[in-house]
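Just need the whole structure built from these sequences, with the hints factored in.
Heads up: the sequence lines are chains A and B, in that order.
Numbering-wise (the numbering used here), the first sequence opens with residue 1 and increments by one.
Numbering-wise (the numbering used here), the second sequence opens with residue 262 and increments by one.
Take these hints with a grain of salt, some might be off.
As the list claims (entries may be wrong) - Pairs of lysine-lysine residues, derived as DSSO-like cross-links and limited to a Cα-Cα distance of at most 27 Å, are as follows:
1) B:Lys634 x A:Lys82
2) B:Lys558 x B:Lys657
3) A:Lys151 x B:Lys634
4) B:Lys863 x B:Lys363
5) A:Lys205 x B:Lys440
6) B:Lys791 x B:Lys885
7) A:Lys50 x B:Lys754
Said to hold, decoys possible - Have a look at the derived ranges for each label pair, beta carbon to beta carbon:
8) B:Thr750 x A:Ser17: 23 to 33 Å
9) B:Phe282 x A:Pro197: 29 to 39 Å
10) B:Ala727 x A:Glu146: 28 to 38 Å
11) B:Tyr399 x A:Glu100: 45 to 55 Å
12) A:Thr109 x B:Phe282: 48 to 58 Å
13) B:Gly473 x A:Glu45: 19 to 29 Å
14) B:Gln856 x A:Glu100: 53 to 63 Å
Stated by the list, open to error - One-sided excerpt, in silico: chain A residues whose CB lies under 10 Å from chain B:
15) Thr56
16) Phe57
17) Asp125
18) Leu156
19) Cys163
Hints in this document: simulated from the structure, not taken from any laboratory.
From the three backbone atoms N, C-alpha and C, an ideal C-beta is built for every residue, glycine too.
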Amino acid sequence: MSTIDLKLHIWRQKGPSDEGRYVEYAVPGVSVHMSFLEMLDVLNEGLLEKGEEAVTFDHDCREGICGACSMVINGVPHGPQKLTTTCQLHMRQFENGPFELWVEPFRATAFPVEKDLMVDRTAFDRIIESGGYVSIRTGSATDANETPIRKQDSDLAMDAAACIGCAACVAACPNASASLFTAAKISHLALLPQGQPERYDRVRKMVAQMDAEGFGGCTNHEECEAACPKGISVSNIARMNRDMLRAMLTAEDTVNVPGGE
Amino acid sequence: MELNSNEPTGPIEKRWDKHRFDMKLVNPANKRKFSVIMVGTGLAGGAAAASMGELGYHVKAFCYQDSARRAHSIAAQGGINAAKNYQNDGDSVFRLFYDTVKGGDFRSRESNVYRLAQMSVNIIDQCTAQGVPFAREYGGLLANRSFGGAQVSRTFYARGQTGQQLLLGAYQALARQVKAGTVDLNTRTEMLDVIIIDGVARGIVTRDMVTGAIESHLADCVVLATGGYGNVFFLSTNAKGCNTTATWRAHRNGAAFANPCYTQIHPTCIPVAGDYQSKLTLMSESLRNDGRVWVPKNAEDVTKDPGTIAESDRDYYLERRYPAFGNLVPRDIASRAAKHSCDDGLGVGPEVGGQRRGVYLDFEDAISRLGQKAIAERYGNLFEMYERITGDNPYKTPMRIYPASHYTMGGLWVDYNLMTTVPGLFAGGEANFSDHGANRLGASALMQGLSDGYFVLPYTVGNYLARTGHEEISDDHQEVRAAVERVETRMKKLLDAPNPSRTPDSFHRELGQLVWDNCGMSRNAANLEKAIERIPELREEFWDTIMVPGSGDDMNQTLEKAGRVADFLELGELMCRDALNRDESCGAHFREEHQTEDGEAKRNDEDFTYAAAWEYTGDLSAPKLHKEHLSFEYVQPSQRSYK
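Okay, structure coming up:
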């Protein structure tokens, strides 16, 4: 079985207020069939056996769908393989080098480091909370086949809905913009009839929240699409911008409730 | 302890309606006075938290992930069943009910299963209205496929990521309630104990995984939707963080644990590649619709390039043994058949631990029949995933697959209201034992999670609250303080073992191998007894030598792991005891002593038509068995035959 010897520089940071630094580790004899995270597991087992603290990193499903893993490998979020999360990145990608790797957390003002390679991405949750849903009550739905939806529209909505919320787009963007993430959710719902009643209200609220969280603006670098493990297209950002423009040109709906305030 | 299923009587199709009518309602103005603790934010927990928040209850939700959107329901690939009969192919609520009872090998409760089949149609409506992008046909209506051996096309899907899309629907509904202020969401928070006051569940003790703070949370009732315990095997298709701690702590506080030996081994997973393996990846069962399973007929061919093995030297063993169902036989049958082939020395792929554990899943015929484009459309993302992990291209060379632990049918015993044997403590989704009997059919887990979450718990929990009323409890109550102290003491024990020298993972791997070898796909009394002897020793070693560097006062993933492994070390023994007690084969529980001449599972209905609910007695090696006898009025038990 072929193996490689790695020299790792891993970002270690005790907590949000610690400065943080790279620490060098040698990991010899890494099987190329390991995943990147399994390689880190091996490193961590070795550290624990020496009584040292393991490197903290977010991970869960390890099959590329939960969006938990979040590290930058040699400057690229999720590492060198296209359309692949860190957990699905396998060491055969490094069979011919590089053998010296710098591993750091996703960096953005809106994502404070919690420890080592782990960051706080709750800003994404707050963006969804601001309007990333269809306001329907449990139990109030009509028959699912009552509203036919063009397959093409449904497929496009699915393309956008494939976002796993990992935040690689933010980590890749020179401005740390969350436009791709936000636009993916706006597009998913804007492309479906179910999303129409709240469409322009939604874009207004979600964009406002995105800005409030301290993410940068989009200046069309398109690094986000290149880094996205699910291949979410930047055309979603264009769709978000079109919807935002239209929302800005139309007055916010005001409701007159007789006898109300 | 008394097991009362509290199921309504009368015609089965009217039972849930009747039960709902008999429920007491909470006055709308009073709902906000009641608080509900919801642990877990997957399909069951997320859907229940959102729905109950919407109804006006004050919900406190908890998850160990950094976001509610990451619960492991997200990883389900294949689809969700519903008796919509949109395909006009003869499906009905009764047929889905019938298939599920039969699929569970007559070890589930008919009333619950019927309700599940009824709710299935509402789930699809609900999710579609939320904007879940289910696959559609060119006419704009919803598409279906046949799945997991079903004779009708009743499975709805969203490419290979049905779980993610359904979970995002529930997560978004939950986000809406968080914004509305009805749900307090606590992420990166792990539940470590239950607080029981005067015999009633009134709260939980948690650890904030970022700050290490141990805290108590109180409410009028507690709902656990914390998933299954498949990670007891260490290697499974579950997420790394999936654990039994919430359900096990509930068990230790009086909740009966039912049928722990019913664990489903999924036949189509990517095989183990080496000793460093950290988890196993499922390849959707839908692949068996077009892939053909085979191994070489001759042991000397197992290392050959499969393309060079002549057709006549291949054994398509599922098609040979089960001509009617072929490659679509139920999961347990497909899994055991793969194990037998590998045990006979016909497995393929790398040798790990002295054996090649893999069989081929071949798409060559399907590609030549339908074209590569059609296959790519159906399975493109799965093929890519396979190639990323193994480095092999399945369009050119057959996939290698092997069974892996995937789902646990056992769980906390619950009545028809999904309440455990502890009043005020409910369990939904995979965390309970209720609907799948001894085996779960494909595309039924998502259905059960959402049925419990959207349509059952909001009613039954409401009924409980209406009947019990609200009574304030102080943080200072002695039971609250005692529970917090229990957790703190345990943390300290994990951090300060007498002879720290072994890591949590090393114990977990050893336990996992032990349970896999002796209480996995195939079980016998001698092996189970061996495991029952070994596990308590391993537990002792654990508490003596567990090594957890760092402190409990900040983020410490090693400490989290150690706590979870400690609970698996207790549950593992109960699994083996349950498997030993169940001296029959049924569904996924295969006792080698009980098989037909063809090697199929042989039930013993006379002695074992019951759910085994185990009570914790204070001695882990002496749990007390309680039996809920099951009766079948609508589906007569028969021997499964997939010939």
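Does 53 to 63 Å hold as the CB distance between Gln856 (chain B) and Glu100 (chain A), or does it fail?
holds (56 Å)
May I ask you to test the hint 29 to 39 Å on the CB atoms belonging to Phe282 (chain B) and Pro197 (chain A)?
holds (33 Å)
The hint names Thr56 (chain A) as touching chain B; please verify it with the least Cβ-Cβ distance against 10 Å.
For Thr56 (chain A), the interface hint holds, since the closest Cβ of chain B sits about 6 Å away, which is under 10 Å.
Can you confirm whether the C-alpha distance between Lys151 (chain A) and Lys634 (chain B) stays at or below 27 Å?
Distance of about 18 Å is within 27 Å: holds.
Whether the CB-CB distance between Thr750 (chain B) and Ser17 (chain A) falls inside 23 to 33 Å
Between Thr750 (chain B) and Ser17 (chain A), where Cβ atoms are some 30 Å apart, the hint holds.
Outcome of range test on Cβ distance (Tyr399 (chain B), Glu100 (chain A); 45 to 55 Å):
Given a distance of about 52 Å, which is inside 45 to 55 Å, the answer is holds.
27 Å limit on alpha-carbon distance, applied to hinted pair Lys791 (chain B) and Lys885 (chain B)
Within the cut-off at roughly 20 Å; holds.
Do the beta carbons of Ala727 (chain B) and Glu146 (chain A) sit within 28 to 38 Å of each other?
Holds, at about 34 Å.
Does the alpha-carbon distance linking Lys634 (chain B) and Lys82 (chain A) stay inside the 27 Å limit?
holds (22 Å)
Identify whether the interface hint at Cys163 (chain A) stands, where standing means a beta carbon of chain B within less than 10 Å of its own.
For Cys163 (chain A), the interface hint holds, since the closest Cβ of chain B sits about 9 Å away, which is under 10 Å.
Could you check the hint for me, namely that Gly473 (chain B) and Glu45 (chain A) are 19 to 29 Å apart, CB to CB?
Holds, since Gly473 (chain B) and Glu45 (chain A) (Cβ atoms, about 23 Å apart) stay within the stated range.
Within 27 Å, alpha carbon to alpha carbon, are Lys863 (chain B) and Lys363 (chain B)?
holds (14 Å)
In this structure, every one of the numbered hints holds.
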